[in-house]
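Asks: Heads up: the protein sequence lines correspond to chains C and U, in order. Just so you know, we're using the numbering used here here: the first sequence kicks off at 3 and counts up by one. Just so you know, we're using the numbering used here here: the second sequence kicks off at 3 and counts up by one.
Hints may be right or wrong, so weigh each one.
If several chains are the same, the list does not tell them apart, and a pair holds so long as it fits within one copy or across any two.
[Unchecked claim] Here are the computed lysine-lysine pairs in the DSBU-like style, where the Cα-Cα straight-line distance is at most 30 Å: (1) LYS232 to LYS213; (2) LYS102 to LYS200; (3) LYS232 to LYS21; (4) LYS291 to LYS213; (5) LYS21 to LYS257; (6) LYS200 to LYS21; (7) LYS160 to LYS114; (8) LYS291 to LYS44; (9) LYS114 to LYS232.
Since the hints were derived computationally from the structure, they do not count as laboratory data.
Number of protein chains: 2
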Amino acid sequence: SYGLWRQNEAHCDAVSDDKQRRAEGPITDSDPMRLRMESFIKGLQNRIVQDIEAIDGKQFSRTAWQRTEGGEGITCVLQDGNVFEKAGVGVSVVYGQLPKAAVEQMRHDRGKEITADGPVPFFAAGISLVMHPHNPNCPTVHLNYRYFEIENPDGTPKMWWFGGGSDLTPAYLFEDDAIHFHQVLKDGCDKTDKRYYKDFKQWCDKYFYIKHRGEARGIGGVFFDDLDDKPAEELFGFVKEMGNRFSTSYLPIVKKRMNMKFTPEMKRWQQIRRGRYVEFNLVWDRGTKFGLQTPGARIEAILMSLPLTSRWEYMQEPEASSEEADLVEVLKNPRDWVPLD
Amino acid sequence: SYGLWRQNEAHCDAVSDDKQRRAEGPITDSDPMRLRMESFIKGLQNRIVQDIEAIDGKQFSRTAWQRTEGGEGITCVLQDGNVFEKAGVGVSVVYGQLPKAAVEQMRHDRGKEITADGPVPFFAAGISLVMHPHNPNCPTVHLNYRYFEIENPDGTPKMWWFGGGSDLTPAYLFEDDAIHFHQVLKDGCDKTDKRYYKDFKQWCDKYFYIKHRGEARGIGGVFFDDLDDKPAEELFGFVKEMGNRFSTSYLPIVKKRMNMKFTPEMKRWQQIRRGRYVEFNLVWDRGTKFGLQTPGARIEAILMSLPLTSRWEYMQEPEASSEEADLVEVLKNPRDWVPLD
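Given only the sequences and the hints, what does the whole structure look like? Please build it.
Replies: Okay, here's the thing in structure tokens:
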């Protein structure tokens, strides 16, 4: 979800304010949310990259990129590792101008009350990751958290919201893994609002749905967008809590599954499921679709989420009552992995 | 391009007329174009399947499907063959009703003067094929020819047109192959109209363009749509000529390349190019996009065009002046392979 916004040659005051503030020294809790979110996602990216390197044994390649107008990003990718076929963790911080058409779209899709005749300065910061392990017993994971601001002319936020979530995509279903993953996310949600998990779990099932297949991409997690129902301070706390739970939610599953025995047939099934992952991302994911249609977007960063390899067999159907059929059953009828209260 | 139109429970008179006529015996030149096109594409499918089986040594699986309302299809797929990783040849013949929204779309996109308050009966018959060989020296080929009719209440055509084309997608560029393929198509075009090749070659380059990569899917061929600028008889002759040229255009290339030596690096590059093929088909191909969004469409037939396997590497760039870079150069700047006259 970076490289998704039109990156015009434009200065809004937030750019220069933030640049100056960064030069003065470490960001603290009294700084603007833009800088605090940037600082958080960069730290989280570092910690996740280190955790994954410790498991995989291979280093990520790190690419930093910058925009002269303000804003930057760091993309870390591990390819053909020992445990991971492909793992990408990207961070981006963008200052730009929303074209009038995008403002209209936002008003229409999100009910945002933005009054503007021309382009509107915005800020977006996000972390995004996808990890595809080699072992078919080991699920793919996706995480994304982002903060968005529409600026007043003086650089203060006119409007802001958080979005994101995390979800799991196994090729073989281990109920314990699904329960563990959802429980960790639910515990995180519960700290801020007892209704969040239920709402965001359902939102996730609805969003990551491969319509033409009539099945979910995976076994879900949480997803939310346009979140501004509490003070920014509180929601930032929520997003930090959720982001920080990545390692707890996913790494125990990886460690449990990464060395399990598997057959060539299981690998084949995993590759077919990777094909479905590609189908969702290229056909249905709003962020990807929007990004690919945006002139000047960083295509490689957007498509970092695609698996290293995938497979399409004609009319491939799992055998009745096989483990493969069990997975498909759950994808067609999403389950509640932990009690919704 | 089958399974692409809404298949409602509806009878138009053409359905019963055609059914009766089929029962009476072989189709001749005095029969309606619907039946003649059906007969031609089924014959062509048979001949192509036999030609490919003779080269590959493995048989296609054949699936016939029917619609009670009228219309049917045959899908032939060869997977994991000796020469071909995946080859699919499908034929479909559909009688249905165009919903009002689709009529509006057609009026808007294609400038069709269809006056209708409600759904409009239509007929569509087409052949569609994609072949992905194992050997990275051997190019992928795509072909599709189709005939479309909008019916009067009495079953006579109110409006009709032909569409289709054929194009080549190599992972490694052999100029001889590109010239041969284009020359065979040009010779076919020239028999009907000396302007066709030039127009349809350019249309092909424009249509099979991966916008977000800034490159063509392959080295082109011909593509046309809404073709009704000559009598139906003449254009049917043109489409038959072009369809019949498939084996001449493609098989000599396959025979020349299928046993060439290749390295694992070449296979890897082929797999990356297959990933681009997937990107075009899922993100940009109008037919595929429309099909995937159509409730009740035959998804497996639509996605038959996807390669068996594909690959996405982050920031993969061919080395300067390598053979891989030569291909990309041609994809970024489509060449005229034969003089345009």
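Asks: Next, verify each hint and record whether it holds.
Replies: Hints, verified against the model:
With identical chains, the CA atoms of LYS232 and LYS213 are never at most 30 Å apart, being 33 Å at best within one copy and 41 Å at best between copies. When the C-alpha separation of LYS102 and LYS200 is checked against a cutoff of 30 Å, the pair qualifies neither within a copy, at 35 Å, nor between copies, at 40 Å. Proximity of LYS232 to LYS21 under the C-alpha cut-off of 30 Å is restricted to the intra-copy arrangement: shortest distance 28 Å within a copy versus 65 Å between copies. When the C-alpha separation of LYS291 and LYS213 is checked against a cutoff of 30 Å, the pair qualifies both within a copy, at 15 Å, and between copies, at 12 Å.
For the identical chains of this complex, LYS21 and LYS257 are neighbours neither inside a copy (41 Å) nor across copies (62 Å), given an alpha-carbon limit of 30 Å. For the homomeric pair LYS200 and LYS21, neither the shortest alpha-carbon distance inside one copy (39 Å) nor that between copies (54 Å) is at most 30 Å. In this homomeric assembly, LYS160 and LYS114 come within 30 Å of each other (Cα to Cα) only inside a single copy, at 11 Å, whereas the closest approach across copies is 47 Å. Only within a single protomer do LYS291 and LYS44 lie at most 30 Å apart by alpha-carbon distance; the minimum there is 26 Å, versus 37 Å between protomers.
Proximity of LYS114 and LYS232 under a CA criterion of 30 Å is satisfied intra-copy only: 16 Å inside one chain copy versus 53 Å between copies.
Of the numbered hints listed earlier, those contradicted by the structure are 1, 2, 5, 6.
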